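S.K.: Read off the chains here:
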Amino acid sequence: MINLTAIYVLWLREMKRFLRAKSRIIGTLAMPFFFLAFLGLGFGNMNIPGMAKGISYINFLVPGIVGMTMLFTSMFAGISVLWDREFGFLKEIMVAPVNRISIVIGRIVGGATTSVLQGCLILGISILMGFKIPGISAFLLSVVFMLLISSTFIGLGLIFASKMRDIHGFSLIMNFVIFPIFFLSGALYPLKNLPVWIQYLSYLDPLTYGVDGLRGVLINVSSFSILFDFAVLVGFSIVMIFLGAYFFEKSESV
Amino acid sequence: MTAIEVKNLTKNFDGFTAVDNITFKIKKGELFGLLGPNGAGKTTTINMLSTLLTPSSGHAKIAGYDIIKERDDVRRNIGIVFQEPALDNKLTGKENLEFHAMMYGMNKKEREKRIAEILELVELSDKANILVENYSGGMKRRLEIARGLVHKPKILFLDEPTLGLDAQTRRHIWNYIKKLNREGGITIILTTHYMEEADYLCDRIAIIDHGKIIAIDSPNKLKDSLGGDIITFEIEGDDEEFVKSINKLRFVKSVKKHDSKLTVAVKQGERRIPELINIAQKKRVDIISVSLHKPSLEDVFLHFTGNTIREKEISQRGRNMEFARRRFGR
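Residue numbers (our numbering), protein chains in the order written: chain G, 1 to 254; chain X, 1 to 330.
Because the hints were derived from the structure by calculation, they are not lab data. Being a predicted model, the structure only gives us computed values, none of them experimental. Heads up, some of the hints might be wrong.
Only some residues are given here: those of chain G computed to face chain X with a beta carbon under 8 Å [to be verified]:
no.	residue
1	K22
2	S23
3	F89
4	V95
5	P97
6	V98
We put the CB at the ideal spot given by N, CA and C, even for glycine.
Please construct the entire structure, taking both the sequences and the accompanying hints into account.
M.R.: Printed below as a string of structure tokens:
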């Protein structure tokens with residue numbers, strides 16, 4: 001039932017497009033980089049309440065910014081179905097004798113690869129800025145978390161893409177979905193500082209567990225256990241992929 | 001052998017019927033045209049037959065497979081060239097074809113041979129490794145036709161294959177289409193709102209308007225159904241005798257007189273002119289000029305709908321914009 005060739009060729013297309021769009025890579029990396037650079041420098045020496053002792057703000061920030069990169073690039077990858085619709089290529093995909101599940105998987109695998117590559121680039125940049133990774137196994141574990149965050153938000157992006165007719169609603173999603181998810185996740189500050197009722201909202205945000213897990217892996221500080229973060233994220237990603245595939249299947253391509 | 005069988009096919013978009021209960025059959029190897037103004041329902045028909053849209057009611061079989069229940073079998077047997085470009089501009093021409101061939105499950109050896117062959121056919125071999133964003137409109141069109149053929153479909157759908165192309169490129173593409181049909185034996189169904197395109201290419205035509213098929217036949221038979229050619233004589237002198245005698249002729253369908261002009265409806269007008277002039281001379285009528293008008297598909301369209309296709313498009317535009325507003329909320 002799963003068509004591996006189709007998944008591979010959809011992935012391959014994503015890779016080719018990614019590597020050819022150098023300006024897009026720079027464009028999507030610029031924002032996390034500036035967040036990292038300016039927030040890191042600006043708040044670097046400040047004593048932020050609620051933060052574990054002995055952790056500098058920049059070290060606290062890096063996993064959050066990696067999570068942010070995953071959120072933005074993955075949502076974008078999911079929503080890029082709309083661009084394919086705009087340019088007509090979606091019809092070429094949909095008219096092929098390939099079942100919809102394989103198309104969704106190809107999309108997610110391709111999007112997740114490009115997102116994780118960008119997450120690793122940001123991680124690389126932060127290492128250049130003085131961030132220290134505990135070791136190779138910590139790095140590999142962080143990639144696992146990146147993959148889970150990515151597939152969750154590609155699924156969410158697919159849901160939006162299936163419900164929208166064109167790309168005009170993208171800025172609405174940017175402001176009312178992506179940014180709230182980002183701020184609620186505790187990527188920039190410890191969640192303990194938020195009013196309690198907002199903290200409850202944070203617990204509904206998949207990125208909260210993504211960022212917390214990345215912190216646990218990369219700087220050995222986390223609110224929940226790494227295993228708990230992992231389990232919750234696995235749950236979220238399965239649900240989102242399933243829903244994304246469901247809505248994509250139901251949407252009409254013309 | 002039937003390639004396509006359509007029965008009572010209907011598509012409604014909230015409150016608007018785009019395709020209204022159409023029924024037709026296409027034989028294997030036929031080059032069939034759907035002719036009608038923009039917004040008549042041609043593309044919606046194609047989208048249903050190619051499994052991109054689900055019909056509201058009715059059904060159809062493509063190469064023996066049901067378009068609702070056996071979608072993947074239908075998809076495997078058809079090639080399609082969409083009205084709007086559907087290429088990935090960030091890939092090269094060859095990569096677009098490779099993507100397609102892999103989606104259709106062709107193995108590497110088969111793929112390479114076929115892609116080289118097909119690029120040759122559409123004369124794009126030397127441009128194969130250029131990004132599609134740098135192609136001209138005509139090159140993109142040719143690439144899309146090539147792509148529709150890569151997996152050797154039994155049936156090819158062409159939705160407005162020459163829309164927006166210059167006259168020379170259009171000719172070029174017409175010749176490809178004819179060649180594919182005659183030499184390749186591929187059944188082709190194309191949509192167009194260009195009369196001369198339908199006339200030049202198609203074995204049979206369905207004229208479609210407001211989602212309904214209003215006439216279906218070969219271009220020549222459709223034109224003949226109007227009563228043949230019109231010969232117009234400009235004459236001087238007493239023509240009473242002349243009119244009387246030609247009215248008796250077997251091949252003359254009707255004679256009408258306005259002022260100094262006489263219009264005669266006949267079949268195969270060009271063969272009858274000498275004979276008619278002979279009679280005029282015997283009856284001592286001076287002929288100043290003779291002209292022959294062969295009915296075009298435009299006349300056929302006018303006859304069946306009461307409008308020319310261009311008038312249709314102008315009046316239909318308002319309707320379509322209203323539809324787009326409702327559907328897309330703009």
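S.K.: Give a verdict on every hint.
M.R.: Taking the hints in turn, this is what the structure says about them:
1. Interface restraint check for G/K22: the shortest CB-CB distance to chain X comes to about 12 Å, outside 8 Å, so the restraint is violated.
2. Restraint check, G/S23 versus chain X: the minimum CB separation of about 12 Å is more than 8 Å; hint violated.
3. Taking 8 Å as the C-beta cut-off, the interface hint given for G/F89 holds, the closest approach to chain X being about 5 Å.
4. The beta carbon of G/V95 is positioned within 8 Å of a beta carbon in chain X (closest approach about 6 Å), and the interface hint is therefore held.
5. Taking 8 Å as the C-beta cut-off, the interface hint given for G/P97 holds, the closest approach to chain X being about 4 Å.
6. The criterion of a C-beta within 8 Å of any C-beta in chain X is met by G/V98, whose closest approach is roughly 6 Å, and the hint holds.
Consistency note: the structure conflicts with the earlier hints numbered 1, 2.
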